[in-house]
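Student: Listed below, chain by chain, are the residues.
Protein chains: 4
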Amino acid sequence: MKTDFKNVCQDTGLTEDCGVFAAYDFDGGDVASVIYYGLFALQHRGQESCGIAVSDTNGPQDSLKDEKDLGLLTEVFNAEKLEKLKGNLGLGHVSYPSEGGRKRENAQPLVLNYVKGTLGISNNGSLTNAKELRDDLSYKGAIFQTTVDSELIGYLIARERINNSSVEAAVLAACRQLKGCYSFVVNSPRKMIGVRDPYGFRPLCIGKLDNTYIIASESCALDTVGAEFIRDIEPGEIVTISPEEGIVSDKTLQISKPASCIFEYIYFARPDSVVDGVGVYGARVRAGEILARRFPVDADLVVGVPDSGTPAGYGYALGSGIAHGNGFIKNNYVGRTFIKPKQSQRERAVSVKLNVLKEAVDGKRVIMVDDSIVRGTTSAKIVKSLREAGATEVHVRISSPLFLHRCFYGTDIPSEDHLIAHNRTVEEIREIIGADSLGFLEIEDLKEIVEGKVDFCDACFSGNYPDK
Amino acid sequence: MKTDFKNVCQDTGLTEDCGVFAAYDFDGGDVASVIYYGLFALQHRGQESCGIAVSDTNGPQDSLKDEKDLGLLTEVFNAEKLEKLKGNLGLGHVSYPSEGGRKRENAQPLVLNYVKGTLGISNNGSLTNAKELRDDLSYKGAIFQTTVDSELIGYLIARERINNSSVEAAVLAACRQLKGCYSFVVNSPRKMIGVRDPYGFRPLCIGKLDNTYIIASESCALDTVGAEFIRDIEPGEIVTISPEEGIVSDKTLQISKPASCIFEYIYFARPDSVVDGVGVYGARVRAGEILARRFPVDADLVVGVPDSGTPAGYGYALGSGIAHGNGFIKNNYVGRTFIKPKQSQRERAVSVKLNVLKEAVDGKRVIMVDDSIVRGTTSAKIVKSLREAGATEVHVRISSPLFLHRCFYGTDIPSEDHLIAHNRTVEEIREIIGADSLGFLEIEDLKEIVEGKVDFCDACFSGNYPDK
Amino acid sequence: MKTDFKNVCQDTGLTEDCGVFAAYDFDGGDVASVIYYGLFALQHRGQESCGIAVSDTNGPQDSLKDEKDLGLLTEVFNAEKLEKLKGNLGLGHVSYPSEGGRKRENAQPLVLNYVKGTLGISNNGSLTNAKELRDDLSYKGAIFQTTVDSELIGYLIARERINNSSVEAAVLAACRQLKGCYSFVVNSPRKMIGVRDPYGFRPLCIGKLDNTYIIASESCALDTVGAEFIRDIEPGEIVTISPEEGIVSDKTLQISKPASCIFEYIYFARPDSVVDGVGVYGARVRAGEILARRFPVDADLVVGVPDSGTPAGYGYALGSGIAHGNGFIKNNYVGRTFIKPKQSQRERAVSVKLNVLKEAVDGKRVIMVDDSIVRGTTSAKIVKSLREAGATEVHVRISSPLFLHRCFYGTDIPSEDHLIAHNRTVEEIREIIGADSLGFLEIEDLKEIVEGKVDFCDACFSGNYPDK
Amino acid sequence: MKTDFKNVCQDTGLTEDCGVFAAYDFDGGDVASVIYYGLFALQHRGQESCGIAVSDTNGPQDSLKDEKDLGLLTEVFNAEKLEKLKGNLGLGHVSYPSEGGRKRENAQPLVLNYVKGTLGISNNGSLTNAKELRDDLSYKGAIFQTTVDSELIGYLIARERINNSSVEAAVLAACRQLKGCYSFVVNSPRKMIGVRDPYGFRPLCIGKLDNTYIIASESCALDTVGAEFIRDIEPGEIVTISPEEGIVSDKTLQISKPASCIFEYIYFARPDSVVDGVGVYGARVRAGEILARRFPVDADLVVGVPDSGTPAGYGYALGSGIAHGNGFIKNNYVGRTFIKPKQSQRERAVSVKLNVLKEAVDGKRVIMVDDSIVRGTTSAKIVKSLREAGATEVHVRISSPLFLHRCFYGTDIPSEDHLIAHNRTVEEIREIIGADSLGFLEIEDLKEIVEGKVDFCDACFSGNYPDK
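Protein chains in written order, with the numbering used here: chain A, 131 to 598; chain B, 131 to 598; chain C, 131 to 598; chain D, 131 to 598.
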């Protein structure tokens, strides 16, 4: 599972936009609570702000209520606030800081009034034509109160709704104008609509709990609330859910070659999620097994860097026959409001978030498995800590290929200049991080980790952007 | 590492009183920040309230400042508050709810004015003669503003200081009146004094960072701030630290047979701590190895219940040769302010805190290793989840003996009636929790897990209370 | 001065939408602080939410920062937040709950991005064609995130800006579409524009402090920050202020017969403000003098009901020669978060907000002067309190005519059914409130209180709505 | 009524320690709510912290619950917290910062456990032998967790309780050891005890509401909750209230010549309170009348400086026949968390808290009446403001004698050096504050303002300290 730690201080340092969870109880029961628990399972996808909006489909059209703010779920919600969110159709959101920075206005779900009543939108993604859309809408007199893509999507739906006979038709017409990555849920007064862009960059799936239909970013959120997994929404599919017609699918936007994000398997998604038919845990274990095959080394212990390196470490151990153990203790109390050590303290080795388990690694030849190296500074620090704890050799294995290119689809891989792999050989990287040996996955291995079942985007490794 | 989850919803459900961290910079630098980071490493020992008090040993005698409140460190402190705590002698505390319940007044360190100036006290323990002491002091005209033992200790020190020539002599005289479990630090205006009761129930150790001396509950807190481990304070030892005399030891109170708490090794302490010369991680691994030897079974996978079951699981795998892997995903975002699911939701299988990794266990014969069973309800729930995820067999191994007796020394093991092992055979317990087989450590195994290096208290298993 | 008390528990119970304060420092200095102090002087105009937005006219076009929330100024702002609002062009707002209720989204200033950059809007008023505008914009594809008029105004400006060569031209074009009451300030990236609707229902004036230009709802806010009063913005005038051109006036929208709200003089405005050339204090004193002339009575003491009844009480004393004294003590600590007494407690005479000064009224024939009677319940309660304190007679004089009609221009006078004067004679009202005698101003007296200098709207008394 | 403004920025600048309100419902009903409303009427006596503690006299002896913190009543309490304070015997407190500064620990009521159960103490006063008592108790082994006198009082009661057969006897024995000023309520498990020191420096009175007995600092608090005034507690009286014996009085401590604080009449108490049989409002009016007699001057308008100067202004007008009007508008929204203007802004005339009513004073010869001059700076500022607003003459009249001496009984009149009257003639003071004429009350006038009914302390004017 991905956590604060990874995002704040580990080498990966990658963040993603959001997690989405929506629910519609056809029997009229309140859904705020199930959304709250569902969002907990998705908190790893966004820790900057969160929110829930609900409406009563049997009440007046403007019955929508919402609660959202900067902060974690435990910070934004309390029992009293949750209790007030009465309604059987709702949606929630957890998000990372968007480009405009830490602004309360950017918290989602976005709640709009438009020609047909209220509209709630929760989106995970990053439009590549956001600026063009914003400019175009501005030139038509639009005003913007946030900097999130959901506001653009809302505008397009509102405008298209005027010339389309249904909200789902308006959603389709709006999607035709969107480029890049988007996975969103729209709640119009009486319908819950889930959409994945034609490439299917970000996951989105459907579940069911009694007579409540759910759309969620990851299947682990369905498990958490005790819901049954029905199926993934397909890339390019628009799914409309209503009591009158059940689940209705529109695949107009589908293209021949989708490209879901391979990094969901490597790092973003929770290991207990199954994305597009492939279990995330298994994908990571297989990555470790491949590494064991490609970069064997004589050693005493395999340790994964928690949390996302752990399954790959297990895979390496399985593949190599070398013992697999804990090498680190992670401090899970370090959260959003932790006061960061000053530079002088960091040099003095204040390492609150991760401590090497000296007893486990002392005197051992260690293979340290992590999911990726972005800038290299964190890897260097961990290698150093292992050596100080008595590791006689530290061999680093990375369960993804070399990061060489920016991502335009919702992850914040930095520009080329800041990537350690840019213009450097693996040997040069090894030297920088101070490892005895270093091995990365090859791009061609990625197919194996998803067992060939998924068409994926590997642009950050290959530079092959699917929409260019 | 112990976490919220364990305390709130797992079978163990055990809590302990506190964590202590104190620092004295002989060079006059501020210590609030190092205490803050040190307490982070001890947050697992107490999540109800926390505090830091500091004074300037070169300033006026009443320069002591403090900040404490209900909540986690991330909730109670911000950069501005930490910045205001100027001073080179300080102490901190994290605590669990005491008997008097969730009261702000009970937050520690306790800060007192007494005949010789200010006195700060942070204690981890539970006096068995608290009521007697309180009554006795009351009959002499004492007033009490809290319900914590530190106030009693403070009173005794204050009273003894009048007839003793030094604060350390007063501490010794006060300790002669204390019974039961206590591990505390007292900061008098210019001395830092660390004390462990004669049995040494709770750990306490000394470290050093440049010219700053530290006393902490566990060695992991020293690692966290980059300090060097000097040594444990011994059971029955009073250590006085001052720039004038360095570390001065008084062993008057020592007894021939100490009895440090075996459960620190099994569950309380962080695995990366070394307590009284024995590494906690290693102790847990050995417990697993013993279980593998005592209760072998043909299976496919060993999984530890996170977090404290993990090392024992690894040990079982080592001992049995069976593969060791992740079986669960724990949600680390579930904290103190999480809104608990209602009964109806729990029955519907809302399981926010722990999710079985279906992909890992499906179709497998699983050995599930946990540290203890208190009431049995959580174990039953986890066994059921494993089966629902496809485990064909679930064999449970517990890395401690059967809980049969209450603890009077700072852990809240419930009274006999609530212990599942009370008046039941292992076979009956196995049936209740729904396991295919079940094995516990024997009391005689405990010596092996600490490699015979430590005299320990095992009263909760054996009923042999060391002070009776 | 109007206060919480009046709005919450006195007979008037009237609220208004807002107070506006904007500042532009041509020398580039920060204006957030002057706006903060200016808003304090306008807090009586709105206590539900408040906000400040500033931008740097020499910085990038998107440099606008804002801070707004539910609560009083003392609750929303602290020194740290105020310090962060760097910029030399800014505007602020204090507001009452709008129709949509207590929603954070409705806090102003509204901050928008539109085709020409950022736009900040603070408005005081109530559009009578809000629904029509909202519907019309919706049918053109607009989306709404608030329920305040400022969002409609922003939309219209944004749409008109496309076909107009300047923001002030767009504001003019937008205003042509607005009906009803509005007094707003718009900050486009480099201009500060103040607008009053053609009737001039709500006040708005211009001031100057060194090289900082100010637009404020009332002149008392200029006094508060030490600024010089320049002039009122005229009804129907659009004033554009910029370093390049100074103050530029556009009077295109002016009509022959404006109608500023007479109730600003009677109740809303602070007595130390001068509105459209007429001092509010003097207007109230004159109202009292007229009452003395029209309804003389033999009595011992004149008492004004604080705070707005005080000057009229003084006027009555001046006009009648009867002594004027304090009759009540008001509790100024009763604020927004005061816990209201339960019905049972109110019946027991819990009167936290106002206490009769028994010593002043005991044994006296009292003339009690208040500004208005809406529902009558509060007047009845105060009359009763005076009698219980020993007043032998209580003569009530009201410094406004009978309330008979709803207001559509920003005050929340309730519908006719709830007005005590509806379908009742003065004698019937007197009986209900328990007074010995009762007198109201006549509508024809209103001209005298503004000394014939102002054309005003008296629709709430006369039913003559100026725009109908 | 005294307010923030006076304390923070006016010339008086005097503060007092506290307000006390206790209630005991013999019928067993909850009293927290009546205490809350009662404290509101006393908020002017202390704005730094507040608290309420209640217990159920029919429940267990340790049923006491409390809620207290830094802040105003509206900040510390909400409906939920108030609701939780169940119990029929309770006491509350509002306080100013004590010497130890702004510390949460110092918030009262102090809640103690002592030999006989729980003890709650709320005190208004200042012991002159606090240091001696503290030292003495320290030498007997006491520890102190606060810096307030209530802790000393609690200690003495606890110690005396051991050798006395009742709590009231212990209170008496404790009081024998106290010197200086104290007015406190002690709630022992089943009795409510009110005490005034022998001089009766601070007020304390008894009231009754149905079957609930009340002890309060001022009678205005009784009015506020609808209670009937029974009588003042006399100087040197100990009143014990219980269902068994009703009101029992002990006058052992009484002395022949009490000395209640004359400044309660001049400034501290609310005008609607009656203290020791003399109405505060009337006392202030009489002070104004005396000034009119002693310092007549030809003028057009008398204005009182709000809030405490207003009744004296009214008295001056009565005595002189000159018109009395409002001269100032006070901003009641300026509270504890107001961000103070910087020096540069103050020089620029930022005057948020008080604005002269130009329309009222322009062109007039003004007599400005205030209650006292401490340092002179505020008076000078107000005189200047009146002149800038057009006053042609400004005559200052002060409704108290010259401040020449410190106070040791609970008010913070600064040391002689900071008093403008120290070593200066009235003429020199007049010149400093810029008035056209200046007059103070004479010490012999004080008898007249209390109509000779009260023996009072005038040490701050005369230097005659009653206990020396």
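No lab work stands behind these hints, which were simulated from the structure alone. It is possible that some hints are incorrect.
Copies of the same chain are indistinguishable here, so a pair counts whether it falls within one copy or spans any two.
As the list claims (entries may be wrong) - Listed next, the in silico BS3-like pairs over lysine-lysine satisfying Cα-Cα at most 30 Å (straight line): (1) Lys309 <-> Lys246; (2) Lys488 <-> Lys577; (3) Lys470 <-> Lys511; (4) Lys583 <-> Lys338; (5) Lys214 <-> Lys472.
All figures in this text were calculated on a predicted structure; none of them were measured in a lab.
Student: A separate judgement is required for each hint: does it hold in the structure or not?
Tutor: Hints versus structure:
For a Cα distance limit of 30 Å, the shortest separation of Lys309 from Lys246 qualifies both inside one copy, at 25 Å, and across copies, at 24 Å. For the homomeric pair Lys488 and Lys577, the shortest alpha-carbon distance between copies (22 Å) is at most 30 Å, but the shortest distance inside one copy (37 Å) is not. For the homomeric pair Lys470 and Lys511, the shortest alpha-carbon distance inside one copy (17 Å) is at most 30 Å, but the shortest distance between copies (38 Å) is not. For the identical chains of this complex, Lys583 and Lys338 are intra-copy neighbours only, at 25 Å inside a copy versus 55 Å across copies, given an alpha-carbon limit of 30 Å.
Taking CA atoms no more than 30 Å apart as the test, Lys214 paired with Lys472 passes between copies only; the shortest distance there is 16 Å, against 42 Å inside one copy.
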